[in-house]
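So the chains spell out like this:
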Amino acid sequence: MLSVEDLSVEFRTRAGVVKALEAVNFSVQPGETVGIVGESGSGKSVTAFTLMGVLDRAGQVTAGRALFQSNRVAVDLLKESESSLRQLRGQELSMIFQNPRTALNPIRQVGKQITDVLRCHSDLPPADLRLKALEMLASVRIPDPVKRYEAYPYELSGGLCQRIMIALALACSPELLIADEPTTGLDVTTQTTVMNLLKDLAAQRQMATVLITHDLALASEYCDRIVVMHAGHVVESAPTHSLFSQPRHPYTAKLIAATPEPHKSFAELMPIGGNLPDLKAMDLAPCRFSTRCDRFDSALCGQTPLKRAALAPDHQVACWQPL
Amino acid sequence: MTQLQPHFANALPHLPPPLLRVENLCKVFPVGKAAQLHAVDQVSFQIQPGESLGLVGESGCGKSTLIRLITRLLDVTSGEIYFDDALLSTTAARQFPRSQHRASLQLVFQDPTDSLNPRFSAYDTIADPIRRLSPQQDKQQLQARVAELADWVGLPQDLLSRFPHQLSGGQKARVGIARAIALNPKLLVLDEPTSALDVSVQAVILHLLADLKQRLGMSYLFVSHDLNVIRLLCDRVLVMYLGKIVESGPVDQIFSHPQHPYTEALISAIPSFESKPHPIALTGEPRSPINPAPQVCRLYGRCPRGEDRCQQVMPELQAIAPNHQVACHFPVSAAADSRD
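First to last, the sequence lines map onto chains A and B. Start counting the first sequence at 960; every next residue gets the next number (my numbering). Start counting the second sequence at 32; every next residue gets the next number (my numbering).
With the rest of the complex left out, here is chain A (with noise of 0.2 Å):
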């Protein structure tokens, strides 16, 4: 439904080109939850901001395709006009952003920036936008919708804003729905519901999720597919089960080890070396975990271009030297 290739992204910034996205690979199947998961800094947001057409005017997109096809439409993401993405976001694609309370306009009550939504994207008569955001209000459990309805922003817990955002999101029966870091900055049990809601949504509507988050356990709870992102590559791909039980790319292995968890010991939980390389480098190593890599062997590893293989079908690298 949602294929992504080759896609790369750079920023012209005072400092140097940063390349922030090289050759990124993914596909999203109907239905399917898809868990982009990486360091801040690795590329998560960037993708999806380019995907839905708000990349910030430094970013161009120097490479690649985003294929994205429904029962309505089939276009390439990249190469659509402004006004025909607007039609198609709302209604095709939609986005939660990672902060509800600085997504969320202060200065309007939630159930009208729910009917903005809808005023735009759908074709009810006014009469029943209204009605319809109250509806979306009660679906995302929301508990008293009418009361709700004319709350402002600060007025909600950080939770229910989330809730609201997803209401906004999910408006107008998207196909495919993005999912920055959506529970960042809430607690657990909010965590939870706000999960346990998404998920049931996708599953009643038939919707695609690509949930962006750092928190591999999250996503290894919520995804069908994970791709973990380094650096602006794409280092891994697999169903979950296969990258948790057999991860192949040595940061991914990494990264499982330093997320603490329930029954990991604290001698178990292994920092990961090194930081990010400077994306603005000229001089870029081809694998850009080099420098962080115990496996680093500089004749395998300097060779151009990385060697990006599917060790099974659904299961892709990019490492010389897979685990």
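Take the hints with a grain of salt, since some may be wrong.
Claimed, not checked - Here are some chain B residues the structure puts well away from chain A; computed CB gaps all over 12 Å:
id : residue
1  : 234
2  : 350
3  : 352
To be verified - Some chain A residues close to chain B (C-beta under 8 Å, calculated; not the full set):
id : residue
4  : 1023
5  : 1117
6  : 1147
7  : 1148
8  : 1150
9  : 1151
10 : 1177
11 : 1179
12 : 1221
13 : 1229
14 : 1245
15 : 1249
Simulated from the structure, these hints should not be mistaken for lab results. Don't be surprised by glycine CBs; every beta carbon is placed ideally from N, CA and C.
For this one, chain A is given, so just place chain B on it according to the hints.
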């Protein structure tokens, strides 16, 4: 009145005197006419020398207010704070920077970026508390001490001249920790020290904190909403919900046998690799902390075990095992026993 009990009443003879003892601490913020927000309500606990105590709870439950009271950045409404057998709670927060205890009670702040002065180099940030509070003013001694601290927290010496915007998140976290341990505090209060960091850096900082604690023999009060982190670093946990302590006990016991329905929900919500998503027992929104009804349990309405009694009598903290206390009329294991 419980507040009038002699303060040594619950000190057991075989235990060393606690480093920090908090008795019936309350903080009420006025919000508009006749409305009062009960941020911290009748909280009592102790920290032994060398102990790590974890404090968990959701945002808005009063964790940050509680540690601001303890570190004397806020004035208390009622109740007592004893630190090293001295009564701290009567000193006004504005006077406390001149108190002899300021140096031994230090805080590591949540956001490593916002808590550093952008115009101070790493060196100045770490040296500032020494300049202000320590008699050791000799420039060379100061330089040696800052170098030693940087070494302890694993901050390369050549980064000391840098400003916060030139440091990475992990390096800024190290500067914040070095500043807090500069005066050899007895109690270090850590307010979500790793929540702004990536997992790769988080693991490094957690190991660093464990090493420092062993090296310097400090006590930790570790505030986090990440239960996985608390479990790794703490000996005991306090679980807080809307201003009240609902459960306290040894870490292993709380994690293996949570007694309060809220603790149980918290623990079941921890994500772990490849476990199936589970429905969470808590439904609805938390009650308002503004003018709460004194007789109603704060979890009532969200609690799967709530019964009429929960809105008639506020449950008090009661011991159910040595060192393990819970404030619930219907704790988890009691129900399990009655089913057997």
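Hints versus structure:
no., hint, verdict
1, 234, "violated (4 Å)"
2, 350, "holds (26 Å)"
3, 352, "holds (22 Å)"
4, 1023, "violated (26 Å)"
5, 1117, "holds (7 Å)"
6, 1147, "holds (4 Å)"
7, 1148, "holds (5 Å)"
8, 1150, "holds (7 Å)"
9, 1151, "holds (4 Å)"
10, 1177, "holds (4 Å)"
11, 1179, "holds (5 Å)"
12, 1221, "holds (5 Å)"
13, 1229, "holds (6 Å)"
14, 1245, "violated (22 Å)"
15, 1249, "violated (16 Å)"
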